[in-house]
Amino acid sequence: MDKFTKLKSSAIPLSIENVDTDQIIPARFLKVTSRDGFGENLFRDWRYHKDGSPNLDFVMNNATYSGSVLVAGDNFGCGSSREHAAWAIHDYGFKVVVSSFFADIFKGNALNNGVLPVQVSPEYLKELFTQIKKDPKTQIEVDLENQKITILSTGSSSSFEINSYKKTCLINGYDDIDFLISNKTEIEAFENERV
Amino acid sequence: MKKTLFDKVWDAHVVKKIQDGPQILYIDKHLIHEVTSPQAFGELEQRGIPVFRPNQIVATADHNTPTIDQHLPVKDPLSRNQLQQLTINCQKNNITLYGLGHKYNGIVHVMAPELGITQPGMTMVCGDSHTSTHGAFGTIAFGIGTSQVAQVFASQCLLLQKPKSLRVNVTGKLKPGVLPKDVILYIIAKLGTNAGTGYFCEYAGNVFEEMSMEGRMTVCNMSIEMGARGGMIAPDETTFEYVKGREFAPKGKEFDKKVTYWKTLPTDEGAVFDKEYHFDAEDIEPMITYGTNPGMGIKINENIPTENNASFEKSLRYMNFEKGQSLIDQKINYVFIGSCTNSRIEDFRVAAGFIKGKKKADNVTAWFVPGSQKVAEQIIEEGLNEVFEDAGFKLRQPGCSACLAMNDDKIPEGEYCVSTSNRNFEGRQGQGARTILASPLIAAATAIEGKIIDITKQLN
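Chain order of the listed sequences is A and B.
Position one of the first sequence corresponds to residue 1 (the numbering used here), numbered consecutively onward.
Position one of the second sequence corresponds to residue 1 (the numbering used here), numbered consecutively onward.
Worth flagging that the hints you see were computed from the coordinates, not collected in a lab.
We treat Cβ as the ideally placed atom computed from N, Cα and C, and that holds for glycine.
Hints may be right or wrong, so weigh each one.
Partial list, computed: chain B residues near chain A (C-beta under 8 Å) [as the list claims (entries may be wrong)]:
#1 Y26
#2 Q39
#3 V74
#4 L78
#5 N81
#6 Q151
#7 G198
#8 E302
#9 T306
#10 N308
#11 A405
#12 E413
If we strip away everything but chain A, and leave its shape as in the complex, we get (with noise of 0.2 Å):
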């Protein structure tokens, strides 16, 4: 898994409510066997008509806005449990996803693949909405370690939360399994009980 610190970047601003996996990434290509490639993908049907040119009113196809940092509307990645939801995003290069509430998978599949989600005050985003409309080069910084979001231009920013666990892992670029088969002695003894 990538390591995550900390991470300067202009941001791209979706501010829709309530995206769901769904629109993500669409279920009909879902059907491949692999991790890769699902960013050509990611919100494929609000990023291009159905006879595949691009949707220009869609904030990913204004060259405006670029960025490895996505500005969502609140309840991001509500829905299906799809994972390939997160390597989408993955894949198309972002590495944050802000939002004032993520549905709890796509939390979970976010941090599992090296991609940090934001959680702020339904204040802070509409903020960092106008400060990104006002200037769309504004400058946004993450910083993991100190779990702090600030808004370079104005220094406006606010705290968010993650569970120590998750940040370790980030930081170190750790995943669960290895940490779960390291308890297997102790797995085993609660199998053995429990019979």
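Given chain A, work out where chain B should sit, using these hints.
Just chain B, lined up with the frame of chain A:
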């Protein structure tokens, strides 16, 4: 310390608590299907890690399968490859697979309960968010991502933070024609799509106690649509009666011993929940959705609300509905009865009850898709299939089908579909398709009338 049903089951499965961190939770049963497992198998193989407890895993093929001509090779090469991959992975790792055509094949959340794989007090996971269905048995069951599928393969455990507790109470007498689907659509409409995020939900009150297991499964199934990772209903005689005698259920003395334990599971009197809601059963009417998330639901004879919010307006634009509009008499060309929410025998009984002696509307294309081979068999045994055929409907073969349109069962662009499934997201049933969620009764009525009718007028 007074404990909730959830606490009791959770605490019985904690292998270890990590200081200031997550807990290692033991998983009794791991269900897998073709779509969210291949990358997990791939990861283990790549890292040289064996599957730890293959006999606690059960596989089925459901998401990506055709619902006609299942005896023929699957046409779509990508789907065929994914299904073959599941077969190979299960063979290599000694995992039981009920593949296409097997008498136990079906939607994972339909076949596991009917085989007695799902039992009270268990922990169950699957790479599918509707795993919450199994909570109907007083089971901690929830959907996981593929990385977690790999973790369970490797260790039969997950690293988790214990979620907060939520209880939804519904008491009183349900009106005629109000089905479990209406109860859960009503709850989600009242609470919104994220009220349950971070929580595990218990459904309590006489309304759930009086429901059949099929009804309880419908309710628990949609817990995720209000954000809750899982939903649970306390096991009782209805539960024990359902589990008893099923293929993989404990038998004889072992069963009695289990029942004694299962009876200790219901929430203690006086246990405290982090959040609690109460609803009056009399206030619930047959429900339908008008928007693009399951929280956008109204009573069938209500008008679409008027909200000034960009996301709300975007949603209505997609559906081509106006604020304040009624959906009664809305012409509907597609009807889907199926999915892990409503594809059990009871759902088809309800549909057949309405359809009997009537004819399908000419404008309607209807897909009736049983949740499993066993449900399909029972439909035929009970003579329901004749009712459907006489009315002009044709039963299809089991699978997830038009719920997520991974196979050929897609609703065309711009068309409305009254669907008994669980999600009305944009494009969920096909690119540009417009989904209206409802109960099997409303779906059957729509298929006969070719439009949405105010069913309450016929019922009262």
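Here is what the structure says about each hint:
Taking 8 Å as the C-beta cut-off, the interface hint given for B:Y26 holds, the closest approach to chain A being about 6 Å. Because the smallest distance between the Cβ of B:Q39 and any Cβ of chain A comes to about 5 Å, under 8 Å, the interface hint for this residue holds. This hint is violated: B:V74 has a C-beta 11 Å from the nearest C-beta of chain A, more than the 8 Å allowed. Of the supplied interface hints, the one on B:L78 holds, with its beta-carbon coming within about 4 Å of a beta-carbon of chain A, less than 8 Å.
With 8 Å as the threshold, the beta carbon of B:N81 comes within range of chain A, its nearest partner Cβ sitting at about 7 Å, so the hint holds. Contact between B:Q151 and chain A, as hinted, is supported at the beta carbon level, the nearest pair being about 5 Å apart and thus within 8 Å. For B:G198, the shortest C-beta to C-beta distance to chain A is roughly 6 Å, which falls under 8 Å, so the interface hint holds. Against a cut-off of 8 Å between C-beta atoms, the interface hint on B:E302 is violated, since the closest Cβ of chain A lies about 21 Å away.
Checking B:T306 against chain A: minimum C-beta separation of about 18 Å lies over 8 Å; hint violated. Below 8 Å, beta-carbon pairs count as interface contacts, and B:N308 has none with chain A, the closest being about 14 Å; its hint is therefore violated. Interface restraint check for B:A405: the shortest CB-CB distance to chain A comes to about 6 Å, inside 8 Å, so the restraint holds. A least Cβ separation of about 7 Å between B:E413 and chain A falls short of the 8 Å threshold, and the interface hint therefore holds.
In summary, the structure is inconsistent with hints 3, 8, 9, 10 from the numbered list given earlier, while agreeing with the others.
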